[in-house]
Amino acid sequence: MAEEEKVIEELTTEEALTDPLYVPEPVEGATEHVRSFPAAPQFQEKLGYPGERPENWQEVALAKMDELRGKFRSFRLFLDICVKCGACTDKCHYYMGTADPKNMPVARQDLLRSVYRRYFTLPGKWFPDLVGARELTEDVLDEWYTYYFQCSECRRCSVFCPYGIDTAEITMAAREILDSVGYGMKYTNEIIGKVFDIGNNLGLPKPALASTLEDLEEEIEDDTGVKVRLPLDEPADVLLVTPSADFFAEPHIDGLIGYAKVFHALGEKWTLSSYASEAANFAMFIGSYENMRRIALRIRKAAIDLGVKRIIIGECGHAWRAAYQFLNTLAGPFDFLDPKYPVPQHICEYTWEAIQAGKLRFNKEENDFYKVTFHDSCNVSRASRMGNYPGGQFDIPRNIIKAVCNHYYDMPEGTIKEATLCCGGGGGLLTDDLMEIRKKGGSPRMKALKQASEEYGVNKMAAICAICKTQFSKIMPYYGYGMDDIMSVHQLVSNAIVLPGSEQEAELDGTDENEATEAAE
Amino acid sequence: MITTLYALLYYAATIIFVVGIAYRVWGYWKTPQPANIVTTPAPVTRTGVVWRMFKEVAFFESLWKSNKWIWIFAMMFHLSLWLIIVRHLRYFIDPVWTVVVLAQPFGKYAGFFFVLGGLGLLFRRFVVARVRYISAPSDYLMILMFIGIGLSGLLMTFVNKTDIVAVKAFFRGLMTFNWQPLPADLPVLVHLGLVAVFLIVFPFSKLLHAPGVFFSPTRNMVDNPREKYRPVPWLPPVSEVTFDPPHGSKQS
Chain U
16 MAEEEKVIEE LTTEEALTDP LYVPEPVEGA TEHVRSFPAA PQFQEKLGYP
66 GERPENWQEV ALAKMDELRG KFRSFRLFLD ICVKCGACTD KCHYYMGTAD
116 PKNMPVARQD LLRSVYRRYF TLPGKWFPDL VGARELTEDV LDEWYTYYFQ
166 CSECRRCSVF CPYGIDTAEI TMAAREILDS VGYGMKYTNE IIGKVFDIGN
216 NLGLPKPALA STLEDLEEEI EDDTGVKVRL PLDEPADVLL VTPSADFFAE
266 PHIDGLIGYA KVFHALGEKW TLSSYASEAA NFAMFIGSYE NMRRIALRIR
316 KAAIDLGVKR IIIGECGHAW RAAYQFLNTL AGPFDFLDPK YPVPQHICEY
366 TWEAIQAGKL RFNKEENDFY KVTFHDSCNV SRASRMGNYP GGQFDIPRNI
416 IKAVCNHYYD MPEGTIKEAT LCCGGGGGLL TDDLMEIRKK GGSPRMKALK
466 QASEEYGVNK MAAICAICKT QFSKIMPYYG YGMDDIMSVH QLVSNAIVLP
516 GSEQEAELDG TDENEATEAA E
Chain A
17 MITTLYALLY YAATIIFVVG IAYRVWGYWK TPQPANIVTT PAPVTRTGVV
67 WRMFKEVAFF ESLWKSNKWI WIFAMMFHLS LWLIIVRHLR YFIDPVWTVV
117 VLAQPFGKYA GFFFVLGGLG LLFRRFVVAR VRYISAPSDY LMILMFIGIG
167 LSGLLMTFVN KTDIVAVKAF FRGLMTFNWQ PLPADLPVLV HLGLVAVFLI
217 VFPFSKLLHA PGVFFSPTRN MVDNPREKYR PVPWLPPVSE VTFDPPHGSK
267 QS
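Order-wise, the sequence lines are chains U and A. The numbering used here numbers the first residue of the first sequence as 16 and each following residue consecutively. The numbering used here numbers the first residue of the second sequence as 17 and each following residue consecutively.
I should point out that these hints are in silico values taken from the structure, not numbers from a laboratory. Honestly, I wouldn't trust all of these hints.
Claimed, not checked - Taking lysine-lysine pairs in the PhoX-like style, the calculated list, with each CA pair at most 25 Å apart, reads:
no., chain 1, residue 1, chain 2, residue 2
1, U, Lys79, A, Lys222
2, A, Lys84, U, Lys86
3, U, Lys242, U, Lys221
4, A, Lys244, A, Lys46
5, A, Lys84, U, Lys432
6, U, Lys316, A, Lys184
7, U, Lys432, A, Lys71
8, A, Lys71, U, Lys324
Claimed, not checked - Across the chosen pairs, the derived CB separations fall in these ranges:
no., chain 1, residue 1, chain 2, residue 2, range
9, U, Asp410, A, Phe75, 22 to 30 Å
10, A, Thr19, U, Ala78, 20 to 28 Å
11, A, Phe230, U, Ala223, 50 to 58 Å
12, A, Pro249, U, Asp144, 37 to 45 Å
13, A, Pro261, U, Phe351, 14 to 22 Å
14, A, Phe75, U, Phe351, 38 to 46 Å
15, U, Ser226, A, Thr63, 49 to 57 Å
16, U, Trp141, A, Arg188, 43 to 51 Å
17, U, Asp499, A, Pro249, 45 to 53 Å
Said to hold, decoys possible - To give an idea of the chain A side of the interface with chain U (calculated C-beta under 10 Å), a few residues:
no., residue
18, Arg40
19, Pro57
20, Arg146
21, Val213
22, Val217
23, His263
Just so it is clear, CB atoms sit at the ideal spot from N, CA and C, and this is done for glycine as well.
Isolated chain A, as found in the complex (with noise of 0.2 Å):
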C-alpha cells in the first residue's frame, strides 16, 4: 500500500519537476533581452563572462559583498546540499561511482551543516525585522521543508538506522519499473515525502532560482554593446523608421 503510494508519488513528483522546469526554463530561454543591460563594471568577454558565472555560482560572490551572515548560512547550505545529492546518488546507480564513493563520508556528516545553514536562515527570518517584513508563509515553510528532509535524514542514517539496501532496491525498481517493497518506518516516509514535495514544488517556486541564475541578463552578458549590434525584435529595422521632423519644420 505505502509502496505503492510512494511509487506514483515519486513518478508524479519526478515528472512534473523535470517537465516543469523545463518549461520554465524554455520560457526563459525564448524570451527575447533586446538591450545589454549587464551590471557593469563586467567583463569584456565570453570567457570572463564564464568565470564572472562560475564566481557566482560557486562562491556567491555578489552575496560576499552584500551580506556576511547571509552568505556563510547560504554557503553552509547550499555546499552540504551538493555533497549531499552526490553522495545520494549511490541509491540509484550500480555500481556506484567512484566520485560517489569517496563523497560518501563527507555527505554523511554535511546532513549537519544543512540543517545549521537552513536554521540559520530561519533564524535571521525571523530576528531580522526587515527580512521578516518581505517574508511570506511559503518562505518558512521552504526553509522548514529542508531542515526537516535535513533532520529526517539524519535521523536514519545516525539514529534509527534504516535498511537502507531496501530502500535502494525501492529506487532501483522504480527505475526499472519492477516495484519493490518500500521500508515503512516513519523517518524514512517523511524523508522521501517531504523530497517529493520539494520535487513537486520546485517549478513553482522560487526554487526556480537555480536555474534561474545561469540566464540573469544582468550577469550573464558580456559588456560590448557598442560593440555588438543587438536589434529589438518586435521593433521595425532602422530602415523602415519615420524620423521625428526638425523642429520648426512642421508650422503651416
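One chain only, chain U, in its complex shape (with noise of 0.2 Å):
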C-alpha cells in the first residue's frame, strides 16, 4: 500500500529515529485501521449506557451534545474558540508516532467540531463547505470511536494552545457521547463494570487481597526480619487507597513495599480498604460524571467507615488527578477529615515530608546499580499538584529519588515536566488491541530516554503512574531495554530505606563499629 510506505519512508529516516520531538510530514489514513474492541451490551448497561445502538441515535447523540454543552463550560467553549493556528499540530505524541493527520490534536477536536458546527451554529447550517461542517452519519460515528481511542488525554495541547483548549475535554465528551448510543469501549467500561462488582479495576475480590497482602509481610520480613504490615479494614489514621495494581503486577508491587516501609518507619498507623481497593477512576476516561462520582464514593465511605484522619493516593497518575481535581468535587466535601491535611494527600507528598523532617534513614548505595530518570506522568504534571507551589510536582518525585539515589539524570527538556510525553498508553488505551497505537505513541518517550542513556548511562525509568509503568514493561523491549527498566519511585525508596531494627541497619551499624574499632586499634 502507497499510505504505509509513506508511513515507514515518513518515520524510519535517521532524524525520525533519533530525535524525541520529530514531527512527520502528515499521511492520510496511517492509523485508521488500529480500532479497539467496542464493549458488548452487557457491560454498557451496568455503567447505564444503552447496550445496543438506539434507531434514533443521531438524535441521541445530538442531544447528548447539546446536553455536554450546557453542563461543562470547557466543552462549550473548546468547541467555539479554536482558530486553527497550528501550534498544537505537533505536539501529540500519537501525531508524532503515527503521521496521521487526525491524531494532530485540533483535527481530533475537529472530528466533533464539524459535526457541532453543522447542527449548532448559523454558518454551519447556511454554508457547511464554506465552514468544514458536516452532516453525524454512521462512518463518522466509526471515525470518532476511532480516533478518539488514539487519544490519551494527556494534556500536553492543552499546554502549548494560546486558549488552553484541552483535547481531552473534546475526547471525555466525545466518549460520553459514543457510549450514549451504546458504542462504548470494552476495555475501559470492563473494568469500570468489575469496580462495581468487586471493588477493584483487577476484580481481587478481598480474600485475594488479604492473602497477596500476608505474602507481601513475608517478604519483607524475609527481605529485612521486620515485620511491616500491609493492614487491610482496620481502623487506622491514614487511608491509603492505591491502584489495584499496585496489589499485583511488576514493577507496581514493589512500590506497594515501599509505601508501607515508609509508614512502618514513621510508626503510621494506615490501612488499606477492600471496599476502596481502587484509586483508578477510569471513568474520568469516558467523561462520565455520574460513574466518576459513583466510584470516587466508594473511597468516601471507606474513610467514613474506617474512621481515618486522613486520605493518601498511592502512585498513579490519571488516579492522582482523579483524587486532586475531582474528588473533592465529586464525593466531598470532607469536612469529618483533620483540617490539618489536604484532602486527598500524595503519597509522595508524604514521604518527602518525613525525608525533609529527617524521620527517614537511606542507605543510597543500594541503588547505586542504578542511573535513574524520572518519567513525568502526564496527568500528575498538567493535571495535579504536589506540595504548596506550582511545580511541586515536578520536585518532589525527584527530590525523592535523589534522596535515594546516588545517580539521577533528566531526560532532555522539553520531553519533561509541563512538556511531558505520554507514555502512550494513557487514558483507557492500556489494552491488547490498541498495541500497535501503544508502541507508536511511546516511541516518542522511548526516543527521549534513548538519548539520556547514550548521554548519561541512564538504565532504569523511575515512575509514579500505574499505567505508565504497565505499559513501559510492554512496550521497552521494542526499544532495547529490559521489561524491569521501568521502577516504581518507592520500589527506589523501598530498596533503600533502612528500618529500625531490620538486618540492614544492623550491617550499617554494625561496619560502621567495626571500623570504629578498627580505627580506633
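Now that you have both chains on their own, put them together as the hints suggest.
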C-alpha cells in the first residue's frame, strides 16, 4: 500500500528515529485501521448506557452533545474558540508516532467540532462546506470511535494552545456521546463494571487481597527481618488508596512495599480498604461524571467507615488527577477528616515530608547499580500539584529519588515536566487491541530515554503511574530495554530505606562500629 | 444611495456584533465548570491567575512556548490591530483623546505590520502541510478579509487619500442619527464594507477567541481543588447519595 510506504518513509529516517520531538509530514489514514474492541451490551448497561445502538441514534447523540454543552463550559467554549493556528499540530505524541493527521489535536477536535458546527451554529447550517461542517453519519461515528480512542487525554496540547484548549475535554465528551448511543469501549467499560462488582480494576476480591498482603508481609520480613504490616480494613489514621495494579503487577508491587516500609518507619497507623481497593477511576477516561462519582464515593465511604483522619493516594497518574481535581468536587466536602492535611494527599508528598523532617534513614548505595531518570506522568504534571507551590509535582518525586539514589539524570528539555511525553498507554488505551498505537505513541518518550541513556548511561526509568509502569514494561523491550527497566519511585525508596531494627541497619551500623574499633586500634 | 446603504449596514452590523457577542459570552458565563480542570503548573492565588491571564493575552505566553513563527506573526498582527483600533477612535469621538492623538503616528504605520502579520499567517496556512490539513475555506477567507481591510486602509491613508473629515462626519452622523454623506471612493467602500463583514461574522466564528480566552477554564482557574469545594450543580449532594454496597454483602 502506498500509504504504508509513506508512513514508513516518514518515520524511519535517521532523524525520525532519534529525535524525540521529530515531527513527520502528515500521511492521511495512517492509523485508521487501529480500533479497539467495542463493549458488549451487558457491560454498557452496567454503566447506565444502552447496550445496542438505538434506532434514533443521531437524535440521541446530538441531544447528548447539546446537554454536555450546557453542563461543561470547557466543552462549549473549546468548540467555539479554536482559530486553527496550528500551534498544537506537532505536539501530540500519537501524531509524532503515527503521522496520521487526525491525531493532531486540532484535527482530533475537529472530528467532533465539524458536527457541532453543522447542527448548532448558523454558518454550519447555512454554508457547511465553507466552514468545514458535516452531517453526523455512521462513518463519522466510526471515525469518532477510532480516533477518540487514539487519544490518551494527556493534556500536552492544552499546555501549548494559546487558549488552553484541552483536547482531553473533547475526547471525554466524544466518548460520553458514543456511550450514550451504545458504542462504548470494551477495555474501559468492562473495568468500570469490575469496580462496581468487585471493588477494583483487577477484580481482586477481599480474600485474594488479604492473602496477597500477607505474602508481602512475609516477603518484607524475609528481606529485612522486620515485621512490616500491610493492614486491610482496620481502623486507622491514614487510608491509603492505591491502584489495584500495586497489589499484583510488576514493578508496581515493589512500590507498594515501599509505601508500607515508609509507613512502618514512621509508626503510622494506616490501612488499605477492600471496599475502596482502587484509586484508578476509568470513568474519567470516558467523561462520565455519574460513573466517576460512583467510584469516587467508595473512597468517601471507606474513609467514614474506617474512621480515618486523612486520605493518601498511591502512585498513579490519572488516579491522582481523579483524586486531586475531582474527588472533592464529586465526593466532598471532606469536613470529617483532619483539617491539618489537604484532601487527598499524594504518597510522594507524605514521603518527602518525612524525608525533609529527617525521619527516614537511607542507604543510597543500595541503588548504586542504577542510573535513574524520572518519567513525569501526564496527569500528575498537567492536571495536579504536589506540595504547596506550582511545580511541586515535578520537584517532589525528583527530590525523593535524589534522596535515595546517587545517580539521577533528567531526560532532555521539552520532553519532561509540563511538556512531558505520554507513555502512550494512558486515557484508557492500555489494552492489547491497541498495541500498535501504544507502541507508536510511546516512541517519542522512548527516544528521549535513549538520549538520556547515551548521554548519561541511564539504565532505569522511574515513574509514579500504574498505567505508565504497565505500558513501559510492555513497550520498552521493543526499544532495547528490559521489562524491568521501569521502576516505581517507591521501589527505589524501598531498596534504600533502612528500617529500625532491620538486618540492613545492623549491617550498616555493625560495619561502622567495626570500622570505628579498627580505627581505634 | 451609498450613504443610506452603508448607514443601514453599519447599524445592522453593530447590533449583530454587540448582541451576538453578549449572547455568546452570556452562554459561557452561565455554563458551569464543575471540576477544577486548570492546566498545571498553575497559580495558587487569584492574583497569580490575573498575572497568568495577562501574560497569555498580552504576550501569548503559551504560543511562545509552542511555535515561534506563529508567535511572531500573531504578535505582529494583534499588536498592530490594537494600535489601529485605538487610532481609529478619532473617527468616533470629538474632541479626540490624548491617547488617541499619541497613537496616531504608530497606528498609521501599524497597518503595514498588520498586513505583514496576516500574510505570514496566510503563508503558513498554505505552506505547512499540517496547518493546510486543518484549514477550512473559511479560515483562508478570514485572513483574506483582514488583509483586505488592511490594504484598503493603507491605500486610503497613503495613496489615494480620502476626505477623512467627511468619513468622520459620516460616523458621527450615524451615532447622532443625523446622517451625513459618505465619500464614495472605492478604497473607502471596500474598507468599510469588509469591516462591516468582520463585525457581522464575529459572533458566529472563531473570532470569538478574543472574548473566549478569558473564560478558558484551563487558564483562568486557581489551582485549589483540594482547598475549595466546588459541587457539581446537577448531582445530588453527598448527604443524599446511596453508596454501592460492600462487595460480598449483596449475595443472598
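Going down the list of hints, with the structure as the test:
1. Distance check on the hinted pair: Lys79/U and Lys222/A sit about 23 Å apart at the alpha-carbon level, within 25 Å; holds.
2. Pair hint Lys84/A plus Lys86/U does not hold up; C-alpha atoms about 35 Å apart against a cutoff of 25 Å.
3. A distance of roughly 22 Å separates the Cα atoms of Lys242/U and Lys221/U; the hinted pair therefore holds under the 25 Å criterion.
4. Of the supplied pair hints, the one linking Lys244/A and Lys46/A holds, its CA atoms being roughly 20 Å apart against a limit of 25 Å.
5. With a C-alpha separation of about 20 Å, the suggested pairing of Lys84/A with Lys432/U holds against the 25 Å cut-off.
6. Under the criterion of a C-alpha separation no larger than 25 Å, the hint pairing Lys316/U with Lys184/A is inconsistent with the structure, at around 70 Å.
7. For the suggested pair Lys432/U and Lys71/A, the alpha carbons sit about 20 Å apart, so the restraint of at most 25 Å is met.
8. Straight-line distance between C-alpha atoms of Lys71/A and Lys324/U comes to about 40 Å, which puts the hinted pair past the 25 Å bound.
9. Judged by the Cβ atoms, the range 22 to 30 Å given for Asp410/U and Phe75/A holds: they are separated by roughly 26 Å.
10. Our hint of 20 to 28 Å for Thr19/A and Ala78/U is violated, since their Cβ atoms are close to 48 Å apart.
11. The beta-carbon spacing between Phe230/A and Ala223/U, approximately 52 Å, falls within the hinted interval of 50 to 58 Å.
12. Restraint check, Pro249/A to Asp144/U: a C-beta distance of roughly 38 Å satisfies the suggested window 37 to 45 Å.
13. Distance hint check: the CB atoms of Pro261/A and Phe351/U are about 21 Å apart, consistent with the given range 14 to 22 Å.
14. About 45 Å separates the C-beta atoms of Phe75/A and Phe351/U, a value consistent with the hinted range of 38 to 46 Å.
15. A hinted range of 49 to 57 Å holds for the C-beta pair Ser226/U and Thr63/A, which are about 53 Å apart.
16. With their beta carbons about 35 Å apart, Trp141/U and Arg188/A fall outside the hinted range of 43 to 51 Å.
17. Restraint check, Asp499/U to Pro249/A: a C-beta distance of roughly 47 Å satisfies the suggested window 45 to 53 Å.
18. Because the beta carbon of Arg40/A sits about 7 Å from the nearest beta carbon in chain U, less than 10 Å, this interface hint is met.
19. This hint holds: Pro57/A has a C-beta 4 Å from the nearest C-beta of chain U, less than the 10 Å allowed.
20. About 4 Å separates the beta-carbon of Arg146/A from the nearest beta-carbon of chain U, less than 10 Å, and the hint is met.
21. Nearest Cβ of chain U to the Cβ of Val213/A: about 13 Å, over the 10 Å cut. The hint is violated.
22. Taking 10 Å as the C-beta cut-off, the interface hint given for Val217/A holds, the closest approach to chain U being about 8 Å.
23. Given the 10 Å rule on beta carbons, the hint for His263/A holds: about 5 Å separates it from the nearest Cβ of chain U.
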